[in-house]
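Asks: So the chains spell out like this:
2 protein chains.
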Amino acid sequence: MKRSSRRSYVLRPRWRVLRSRDVILGPGKADLLQAIGRSGSLRLAARSLGMSYMRAWKLVQMLNRGFRERLVLTHRGGAAHGAARLTPTGRAVLDLYREMEKKSLSATAPSWRKLQRLLG
Amino acid sequence: MKRSSRRSYVLRPRWRVLRSRDVILGPGKADLLQAIGRSGSLRLAARSLGMSYMRAWKLVQMLNRGFRERLVLTHRGGAAHGAARLTPTGRAVLDLYREMEKKSLSATAPSWRKLQRLLG
Chain A
1 MKRSSRRSYV LRPRWRVLRS RDVILGPGKA DLLQAIGRSG SLRLAARSLG
51 MSYMRAWKLV QMLNRGFRER LVLTHRGGAA HGAARLTPTG RAVLDLYREM
101 EKKSLSATAP SWRKLQRLLG
Chain B
1 MKRSSRRSYV LRPRWRVLRS RDVILGPGKA DLLQAIGRSG SLRLAARSLG
51 MSYMRAWKLV QMLNRGFRER LVLTHRGGAA HGAARLTPTG RAVLDLYREM
101 EKKSLSATAP SWRKLQRLLG
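Protein chains in written order, with our numbering: chain A, 1 to 120; chain B, 1 to 120.
No lab work stands behind these hints, which were simulated from the structure alone. Hints are not guaranteed to be accurate.
Given that identical chains are not distinguished, each listed pair holds provided it fits within a single copy or across any two copies.
Calculated lysine-lysine pairs in the DSSO-like style (CA-CA distance at most 30 Å, straight line) [claimed, not checked]:
no.: 1; residue 1: 58; residue 2: 114
no.: 2; residue 1: 103; residue 2: 114
no.: 3; residue 1: 58; residue 2: 102
no.: 4; residue 1: 114; residue 2: 102
In this text, all values refer to a predicted model and were calculated from it rather than measured experimentally.
Start from the sequences and build out the full structure, keeping to the hints where you can.
Replies: Given below as structure tokens:
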């Protein structure tokens, strides 16, 4: 019983890269990069995350402005209208973000086990 | 120039302990525990974090319900009205949370250095 109740708790790292009060990169933007990489489309990526196309578009603009090079290439007209893909920099940023999540989860595993013992 | 612009970026871990959609513990509640431990008063703790007394009170109730033992003892009447202090469990939870932040920051330092090179 105790065991199964403990299992219902989840620990989540939500890394944020901040410049003063602006969130340059966080879990939502990382998920958007991943969805774009998977779908090749900003519209499909937005839909899969339950966000509006305009919201996804704005996040992409913020991401592209926040880094030295663009992270996402988008096409707004022609046959490729709506297509979007990650640049090599976009892929590198996403991979580093996921790497930080993974490394931080394993580094905190001992503390997390102790904390779980105190949870209800 | 490049160096100083990179320095303006900050990486923040925002650990969350979740039970389904409820945030049992996160950065705001950890800060509240710390402020209570420092001030010995729920009112002063709330004020130092710019939150209302009622909001702080509700967060304390959630914290106390989320763990096996209470994290915070409060006095609502008498001479000690408004006094609040951390229990040993409350102190342990706060210490483990801060430990997770510290360990995750050092575990992600190499990835963060790489990510900083890509920032604008």
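Asks: Could you run down the list of hints and mark each one as holding or not?
Replies: Results for each hint:
For the identical chains of this complex, residue 58 and residue 114 are inter-copy neighbours only, at 25 Å across copies versus 41 Å inside a copy, given an alpha-carbon limit of 30 Å. In the homo-oligomer, the alpha carbons of residue 103 and residue 114 lie at most 30 Å apart both inside one protomer (18 Å) and across protomers (14 Å), since each shortest distance falls under that limit. For the identical chains of this complex, residue 58 and residue 102 are intra-copy neighbours only, at 28 Å inside a copy versus 33 Å across copies, given an alpha-carbon limit of 30 Å. Proximity of residue 114 to residue 102 under the C-alpha cut-off of 30 Å is found in both arrangements, the shortest distances being 19 Å within a copy and 16 Å between copies.
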